[in-house]
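Chemist: For this one, chain L is given, so just place chain E on it according to the hints.
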Amino acid sequence: MSVATVREVTFGEELPVFDPDTSLDNVIRFTEAAGWRGPRFTDHEAARKEGLPGALVPGIMSQGFLCAMIHRWAPPAQIVEVDTVFRAPVIVDQTYHINGVVTDVDETEGRVEVDLTVTNEKGETRVFGTAKVKLPV
Amino acid sequence: MILDLHTHSIKSDDGRAKVENYCQWIRTRELPIDGFVLTEHRQFDLESDYSKLAADFGLTILKGAEVETEYGHVLVFGVTAPLLEAFDFSDIHLPLARVIEACAAYGAVPVPCHPGRKRVGMSAHLAEYGVPDGVRIVETLNGGSRDNEDAVAQAMADELGYRGIGGSDAHIVSHVGRCATRFPAPITSEQALVEALNGGEFEAVSFRDA
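Chains as they are written, first to last, in the numbering used here: chain L, 775 to 911; chain E, 4 to 213.
Any given hint might turn out to be false.
Claimed, not checked - Incomplete in silico selection of chain E near chain L, CB under 8 Å:
#, residue
1, N24
2, Q27
3, E33
4, L34
5, G147
Unchecked claim - Covered by chain L, per the in silico footprint, the following chain E stretches (three or more residues, Cβ under 8 Å):
#, stretch
6, 81–94
7, 102–108
Derived from the structure by calculation, the hints contain no laboratory data. A quick note: this is a predicted structure, and the numbers were derived from the prediction, not measured. We put the CB at the ideal spot given by N, CA and C, even for glycine.
Next up, chain E with everything else stripped away, as it sits in the complex:
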C-alpha cells in the first residue's frame, strides 16, 4: 500500500487543491498511490468527512496535521480529541518536546517534515537546540524539496538513526503523489496508520521522475 503522507487542501491557508480534484487526478493520471493524508497547516480538520469520496474513487483518505515548532514543521498522525486539547495546534512557536510528549501520551506519531529545509526544517536547528529526544521518524523525501534538501534530510536520518517517510507536500492538485510511503499491508484508518508507523516497516518512495 502506498500513501502520500503529506498533502494540503484548500483548508490550509496556502493550499489551492480541492480534495475531490486530488482524487480525480490520481485516477485520471493512474498514479501509483492508494491514497493520501491531509495534513493541514496548524489545524486538524474535524468537520470534513471524505468517506464518500474515498469510496467513490477507491482511495484511502486520512487526516493528520502539520504544526510548527522551534525545530521547524512537524507532521502529526493519529490526531484525537484529547491530543487537540493537549496543545494549541495554531501556535507557531510550539516546543517540539511538548508536541512529542503529547503525541506519546495520546497515541499519535510526530514526524518532522522537510527536515533538510532552511528555517522550517529540523536539521537547520540542531546546532542551536541540540538533538531532540523522542524523534524516531522524519520525512526524508518531500515533493517540494529544492537543491539538496532531501539529501540533507537523509544524511541527518542516517546519522541519527531515524526512519524515513515520503510525502508530496502538495498544495496544488497536480503535485499529489510526487513522493509517498510504501507499507506492507493495507491502511484504512488513522489508527492503522499510527500502528504501521510504530511498526517501522515502511519506506519512502519518489515518483517525481515518473
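Extracted from the complex, chain L is given alone in its bound form:
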C-alpha cells in the first residue's frame, strides 16, 4: 500500500518490508556506476584477506536501498534526510530485510519521520537510522 499525502500517514504505520538485492552481481553493477570499485566490495576472498567476514555492501548502497523503500511506500515523497548508524557490516550475498515505521507525523507541515532498520535473518540489527520525509499536505 502506498501513500500520496501526509493525511494518509499514521503514527506507528509500518512501511512494506523491502528485501534488497545484495547479490554480488548487483553490488558490482552499483560500484561500477558509483565509481567505488574496490575488492572489498566485489570479491569475497579479497575482503576476507582484509579481515572482513566477506565482501561488503557499500554504505551508500544501503542508504540507496533505504531511499528506494521510502519511495515505494510514498512515491511523491521528498526525502529531506537519511541518517544512518552502521552497527555491523552488511555482507554481499546474504539476506537482509529493511523495515520502516512512522515515528512522527506533522500534518500541518507535511513532515514525517521514519525509523529504518536493516536486519539479517537472525533478526540482528546491522544498520539503523531515521529518515525525514516531506509529503504533500
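Modeler: Using the frame of chain L, we list chain E on its own:
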C-alpha cells in the same frame, strides 16, 4: 513495574529519538513497559524536564548516564550534583575503579552494559585487567546485542555472581522496550530506582520476540 533501563534520545550523539515519540510509541504499540531511563552517552542531562510528558502518557521517565571506562561502557543510575563533580562524565578513558568508588560515595549504582560485546563490553577486558572490585550488577539483556553477546554476558554474570538487568539500548523510537527490567514495586524517582537496584529484587526481561 517494568522499566527499560537503557535508552538514548537525541541528546546523545548517535541517538535519533525524541522522548515524546518514545512515549507515543509505547502507548500506541501497547508495549508492556511502564517507563524508561534515559542514559545519554558521556553526559547527564541536567536541563530536560520530562515530568509533564510522563504525566501526560502515564509513564515513568527517569534519567541516568552511560560513561566509558577501560572495561567498556557503564550505566550510572542515581546521578546527583556531587557525583557530577566527582569525575568527568565526558572522559572516554575513565578508570572503572574511580567510577565505582564515586558511585559508592554518592549513592549511585554503576552497571556495566552490553558486557558481552567486543571492545565496549566488560567481558572483553577481564583477561587484561582482571575482575574489577565493586561490580554487583551487569546488563545481561541488551536490545542491541548480536550473535552470542547476551549469552556471554549471562555466563560472565553467572560465573562472577552478578545480578542482571535488561535495557533496549534504543537509539531510535521503534527500539524502545525490546529489553527491560521487572521490579516488584513501583518506581517513580531516580532515588527509588537506586534503592530497588540495591535491594536486588529485579529480573531482566526480553520482549524482542513479542
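Chemist: Does each hint hold? Answer for all of them.
Modeler: Status of each hint after checking the structure:
1. N24: Interface hint status for E/N24: holds (5 Å vs cutoff 8 Å).
2. Q27: Holds, about 6 Å.
3. E33: violated, 10 Å
4. L34: The hint is violated - E/L34 has no Cβ within 8 Å of chain L, the shortest such distance being about 11 Å.
5. G147: Since chain L brings a Cβ to about 7 Å from E/G147, closer than 8 Å, the hint holds.
6. 81–94: Not satisfied, violated; 0 residues make the cut.
7. 102–108: violated (count 0)
The structure does not agree with the numbered hints 3, 4, 6, 7 stated previously, though it agrees with the rest.
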